[in-house]
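Undergrad: Going by UniProt numbering, the first residue of the sequence shown is number 1, and it counts up by one from there.
For the record, the hints were derived by calculation from the structure and aren't laboratory data. For glycine and all other residues, C-beta sits at the position ideal for the given N, C-alpha and C. Only true hints are included.
FRET-style restraints, in silico, Cβ to Cβ:
#1 157 / 84: 32 to 38 Å
#2 139 / 5: 23 to 29 Å
#3 36 / 98: 18 to 24 Å
#4 141 / 118: 14 to 20 Å
#5 36 / 90: 20 to 26 Å
#6 118 / 38: 35 to 41 Å
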Amino acid sequence: MRWLAAPAMVDPVVRLQLRQCWREVSNAGGAVGFPFPPVSEEQVMASLDDMVQSLDEPGNWLLLASINGELAGWLFLAGIANELTAHWARVLRVQTALSFRKCGVGRALMDEVERAATEDLTLDQLHLELRSGMGLEGFYKSCGWQEIGRWPKALRFPDGDHDEVLMALPLRQTSGPVVSAR
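Please put together the full structure from these sequences, using the hints given.
TA: Spelled out as structure tokens, the structure:
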């Protein structure tokens, strides 16, 4: 596992690996930011460039999981600069390279983001959103995440509408519990 916290840390090799992984996962139907596959190289490059540049913002980190020098998976941690919400961050773009599926990479990414958010960033909680119907709720729940709400039929796709599922991971004892919106 390796954290990158500045654009200069994303060298050309890492950029290529991220681009390939993101495109493959998207085109395999992964809900990682491109809702209508197939996704082109240009689409991925534009989003990748934006993400890498955002590493200049405080609290934005990129986590890479590698196995034998190959990118096995990654996620993006987006910090919140607003003082009212600076005690939490969003987990985005969680993905495992297709050739490393079912190897525990996703769980390892989630364990490391929890550790870093707790120990390094001293956050109180993490948030994420996911598309219903993808089979992901069970995975995140097994990692300790709680469903705190849904936006019913928030996402419109050719095959029908999907809920956007809101999840939170409490990290430390805070002044109050994570409240369910249900």
